[in-house]
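Visitor: Place chains B, A and Z on chain D using the hints.
From first to last, the protein sequence lines are chains D, B, A and Z.
Read the first sequence against numbering that gives the first Met the number 0 and you will find it ends at 338, with the numbers running on by one and no gaps.
Read the second sequence against numbering that gives the first Met the number 0 and you will find it ends at 338, with the numbers running on by one and no gaps.
Read the third sequence against numbering that gives the first Met the number 0 and you will find it ends at 338, with the numbers running on by one and no gaps.
Read the fourth sequence against numbering that gives the first Met the number 0 and you will find it ends at 338, with the numbers running on by one and no gaps.
Honestly, the hints are just simulated from the structure, not real lab data.
Where hints are given, some of them may not hold.
In silico BS3-like pairs for lysine-lysine, Cα to Cα no more than 27 Å straight-line [said to hold, decoys possible]:
hint: 1; chain 1: B; residue 1: 215; chain 2: D; residue 2: 215
hint: 2; chain 1: Z; residue 1: 338; chain 2: B; residue 2: 326
hint: 3; chain 1: B; residue 1: 326; chain 2: Z; residue 2: 96
hint: 4; chain 1: Z; residue 1: 326; chain 2: B; residue 2: 95
hint: 5; chain 1: D; residue 1: 338; chain 2: A; residue 2: 326
hint: 6; chain 1: B; residue 1: 338; chain 2: B; residue 2: 261
hint: 7; chain 1: D; residue 1: 326; chain 2: A; residue 2: 95
hint: 8; chain 1: B; residue 1: 5; chain 2: A; residue 2: 261
hint: 9; chain 1: D; residue 1: 5; chain 2: Z; residue 2: 261
hint: 10; chain 1: B; residue 1: 96; chain 2: Z; residue 2: 326
hint: 11; chain 1: A; residue 1: 215; chain 2: Z; residue 2: 215
hint: 12; chain 1: D; residue 1: 11; chain 2: Z; residue 2: 69
hint: 13; chain 1: D; residue 1: 72; chain 2: Z; residue 2: 5
hint: 14; chain 1: D; residue 1: 95; chain 2: A; residue 2: 326
hint: 15; chain 1: Z; residue 1: 215; chain 2: D; residue 2: 5
hint: 16; chain 1: B; residue 1: 11; chain 2: A; residue 2: 69
hint: 17; chain 1: A; residue 1: 69; chain 2: B; residue 2: 69
hint: 18; chain 1: Z; residue 1: 69; chain 2: D; residue 2: 69
hint: 19; chain 1: D; residue 1: 215; chain 2: Z; residue 2: 69
hint: 20; chain 1: B; residue 1: 215; chain 2: A; residue 2: 69
hint: 21; chain 1: A; residue 1: 11; chain 2: B; residue 2: 69
hint: 22; chain 1: A; residue 1: 5; chain 2: B; residue 2: 72
hint: 23; chain 1: Z; residue 1: 69; chain 2: D; residue 2: 5
hint: 24; chain 1: B; residue 1: 338; chain 2: Z; residue 2: 326
hint: 25; chain 1: B; residue 1: 69; chain 2: A; residue 2: 215
4 protein chains.
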Amino acid sequence: MIIVLKPRISRKEEHAVLREIRKLGYATHVMRGVARTVIGAIGDELTHANLETLLAQFPQAVESVTPIQKRYKLVSREAHPANSTIRVREHVIGGKKLHVMAGPCSVESEDQLLRTAEAVKAAGATILRGGAFKPRTSPYEFQGLGEKGLKLLAKARRVTGLAVITELLSENHAALVAEYADIIQIGARNAQNFQLLIAAAGTGKPVLLKRGLSMKIEEWLLAGEYVLAHENPNLMFCERGIRTFETYTRNTLDLSAVPIIKRESHCPVVIDPSQGAGRADLVTTLCQGAVAMGADALLIEVHPNPAEAWSDGAQQLSLDRFAQLMKELQPFIQAAGRK
Amino acid sequence: MIIVLKPRISRKEEHAVLREIRKLGYATHVMRGVARTVIGAIGDELTHANLETLLAQFPQAVESVTPIQKRYKLVSREAHPANSTIRVREHVIGGKKLHVMAGPCSVESEDQLLRTAEAVKAAGATILRGGAFKPRTSPYEFQGLGEKGLKLLAKARRVTGLAVITELLSENHAALVAEYADIIQIGARNAQNFQLLIAAAGTGKPVLLKRGLSMKIEEWLLAGEYVLAHENPNLMFCERGIRTFETYTRNTLDLSAVPIIKRESHCPVVIDPSQGAGRADLVTTLCQGAVAMGADALLIEVHPNPAEAWSDGAQQLSLDRFAQLMKELQPFIQAAGRK
Amino acid sequence: MIIVLKPRISRKEEHAVLREIRKLGYATHVMRGVARTVIGAIGDELTHANLETLLAQFPQAVESVTPIQKRYKLVSREAHPANSTIRVREHVIGGKKLHVMAGPCSVESEDQLLRTAEAVKAAGATILRGGAFKPRTSPYEFQGLGEKGLKLLAKARRVTGLAVITELLSENHAALVAEYADIIQIGARNAQNFQLLIAAAGTGKPVLLKRGLSMKIEEWLLAGEYVLAHENPNLMFCERGIRTFETYTRNTLDLSAVPIIKRESHCPVVIDPSQGAGRADLVTTLCQGAVAMGADALLIEVHPNPAEAWSDGAQQLSLDRFAQLMKELQPFIQAAGRK
Amino acid sequence: MIIVLKPRISRKEEHAVLREIRKLGYATHVMRGVARTVIGAIGDELTHANLETLLAQFPQAVESVTPIQKRYKLVSREAHPANSTIRVREHVIGGKKLHVMAGPCSVESEDQLLRTAEAVKAAGATILRGGAFKPRTSPYEFQGLGEKGLKLLAKARRVTGLAVITELLSENHAALVAEYADIIQIGARNAQNFQLLIAAAGTGKPVLLKRGLSMKIEEWLLAGEYVLAHENPNLMFCERGIRTFETYTRNTLDLSAVPIIKRESHCPVVIDPSQGAGRADLVTTLCQGAVAMGADALLIEVHPNPAEAWSDGAQQLSLDRFAQLMKELQPFIQAAGRK
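Bound-form chain D, shown alone (with noise of 0.2 Å):
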């Protein structure tokens, strides 16, 4: 760690601070600029403390405590220069083929999530999404059908051969949920909810994690080091939109967030434009920038009527305009160099 000394301190206050440092496992060395005074604290940060604390003991001595490693290991790309790929069921995430994810935002009934099912496989998706379990900003909303939903989806994917994406909201349904889907999704609101993080790591089935609504990359990527630290490899990474001050959008979808954790970590990043933009009018131009920048898949929320949807309807796609998305994908997935 860094720490900058505050101008015309004395000596003594100096060596006091110095004093803490050694205490706490650091070997020191001092650096005398023109306008301050500079230590280095050389150690792990990993396994020791955090010297912030410094700040509140030393208020008249220390100006600032920076720490320089980066907290994260396992999804780090130092960890791991290759790519990741994760298996699911006969399809590769993270490899030379763009994957979409497509399907309601609820299950709603078996007639709504087979039409559903069966047209988004015809339009080239392999994965079926779809909420059984839904987290609610009211009490009041529709909740989702639970365990019927999740035989619904499990029913859709027999028929269809599509795998399956579903949210797991709660620890006790860990099990449950595992039961039936292929891939586990951690929710925006749960991003750090590090007990659920835990539990879905502990099914062994792939990992979804969203990014939380305010999330740093940083607290993002540590997130993730969760699932991975609890002996589950198979993470991607979905950005759904941040929050900010616009309100055209109803968040703000961050595409940057792809060549950064490119850039970051070895995991394959999903985009999810449903979320992001809250509005069905700006999903398919956020997909071909999403493509166009090298993300591993998409998630698209899509209804047999959106209009008559029980959750998010402004922001899902026809049967129709998503065949059509489909199509108006192909020259830049071909430019992106993928499948």
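Guide: What follows is chains B, A and Z alone, placed relative to chain D:
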């Protein structure tokens, strides 16, 4: 709901929109303005479908859809015009007395906890805070003492008579935490972990709900609604800073939440300046503001030796500084007409 | 405008509100809903008083006031359904050809500028960027060469045939800058400096308006409206990143601004990935996304030796990397159906 | 500056980085840590080149570059440990007395202004605010009375003895505004319009600098540095709310700016709760907080008839409510040890 139509659409399109609104159970009312036609959809928005789906269904005809009802009921002032008060052992929160909840970020040892408890009690605090289960950004950081920490909190209560508040992290710990705690805290990262809110409500203990890092006031009230809707009337809202672009402080403490929550809700409001600033040197001034603005209680991190704290040392006050803070608050408590 | 009344107000209070609305020149239309009464105020919102004052005048009776008209006219698609194109010397911006504006952050010397101009021209750029007047966060940083810089830009134009874009910082320089520039740039910090917008409009030159750091789409369109309302039809909008909580990048490039501006306005859209990311290593990927999403032009910082740049070295590309970027963009330009 | 190198780079790469740093005039100091090598670059950062360019020049070798000096000098407490006070006619801002600046958002007429001035004077205000030149989001909104407004302010000063603060919008009006105003206000939208700051400094009048909508504390201090560096020592900082995701209030008033500016700078701090909240009903409570936290002055919008104000009616107080506010503030002014 109010549906604004785009200019220059045909009567046929307008009729299609009206038909759909009526099909969803609303009565309709058309107003023709100078530049736009507006439809009023009349019906209870809490029990009818959300019409935002019209945006997806009629993208050429519908410009905007605006709900007019508030989505929260039980937490609202409309439902309960008087201030709610919450009994915690012999104390009443939300009444004339300002309460101070103080203690370490994490429970670390019997010595650390008892020294802190005795000091904060002597300085005038009525409730002891301390984390036994800690949500940590990195899996490599100290995760709390767990049940051992809860037992130490109970011991500190026996010794000092202070009531105890501690955080609940997992649905599976709800019964355990409720056995030891007088108030159950839901942290910012779990503020929209609805399963956890339901589990906390189910314990019957008072619940302190922190505001999520990027939670709008309306979402916060709706998260609180989960507690009241699950038949636990003893809810407090705790502002602890929101995430903004500013980096001088860890978070931006939104003190305007005090008068806003007081206006919208009957539940008590608590301010956490320690998390809010992330810096011990701002805590006293933030407490002065909070008290002047009408907060019912303060939640303050205090540690016998902040520099050696196992978590968040930079924001914890020493025992001496806490005692001084309590003195410096007195004139403001009186100015605010509190005790 | 739509005025929502609070529940349980008296008829007398309702009448007082209605009287006030009519006094301000609107016709009124009352809708009685299940939970609320709603008043439609009918009249042209651009010429009548804003009714938000009702909130202050009738705090007990009025819950909310919502305008329904868009506040921008001349920049809107409603006013001009076809795309606008802007002629800049022999070029047309907003047509089929994607334009690249490239050059150094600051003009530093004849050698630096000419080397850059020749290189970016050879790689396919059509417009040369370069700052002669620089807005700098600190008064101690390099503030630009001023008129000498403008003369160097003109010389580079003579030598290479590139058109020139440069920033206007002061009303008092408007005539001077217009003498040398083909496009006048208004920077993010001045995006709501309305006097400067009026001065820029008055030069008759095309204006490129960057989005302010925390400007909502509507505010940006309204700032553009100042240019068109002052009789200059040649306006481009340039997204250059907004300010969010994320610190990995200097700003968060909001690529969804491309389809949104295309939807709301007829003016061309330009993307500046250099400012957007603040890091050279993300520029190529952001350009790929921008092109795929329909940007009309790119604005890219290029320097013969970024490490010795007098400003913003971390985000400038070397000449070689720029040439490579232009090659890597080709497949995406074709996929987007551009030249 | 502190330069952190990437792990596993060669000695040759390290030497190239060291050579470049020395070439830019810094002495170097190498520290070899457990996971990283760190270079201290020793030299005055205000006069030497910014080393962030190393990131672009050595992308494979350099991980981060961190300045350690503060970039502001004249506004800092280090430069001037005691509080600065500013003389405005017979008043002193920044001393023991809390000042209240009150008046309408816009000057509309002699009657409106004089009625307001007399009422706020009677209630205890010492300074009259009122906009003669108004920056408006839309070109179709009222832009102020201009010089006629300035003359009315001067008349109100003659009649009441109140000092006058008004906003400067254009460099070209600097002499004109200075002729009438006792304090020159720079608005939030122009907070980084450096040419305007220089023009305001040049008038020799005290300058009140509002914080920009998304301005970091450091940027705000640096904008203030422009005023002091142009030889005008009479600067006040005015917090007026920052832009966040919250929509309940127009802005989020960051009251923690009071203790932060007091810590970092010697200049007085003013709070504007009217702009901060955008709602009259929160103004009194926000003032209580501001006073308790140590603000030197308040800037409050007051109008004889807010419902008929030509701008921002929703946030202006009536004359009666202002008088009541002044009474309700008394206990907090005393508690804060002010007059």
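Visitor: So which of those numbered hints doesn't the model satisfy?
Guide: Failing hints: none at all.
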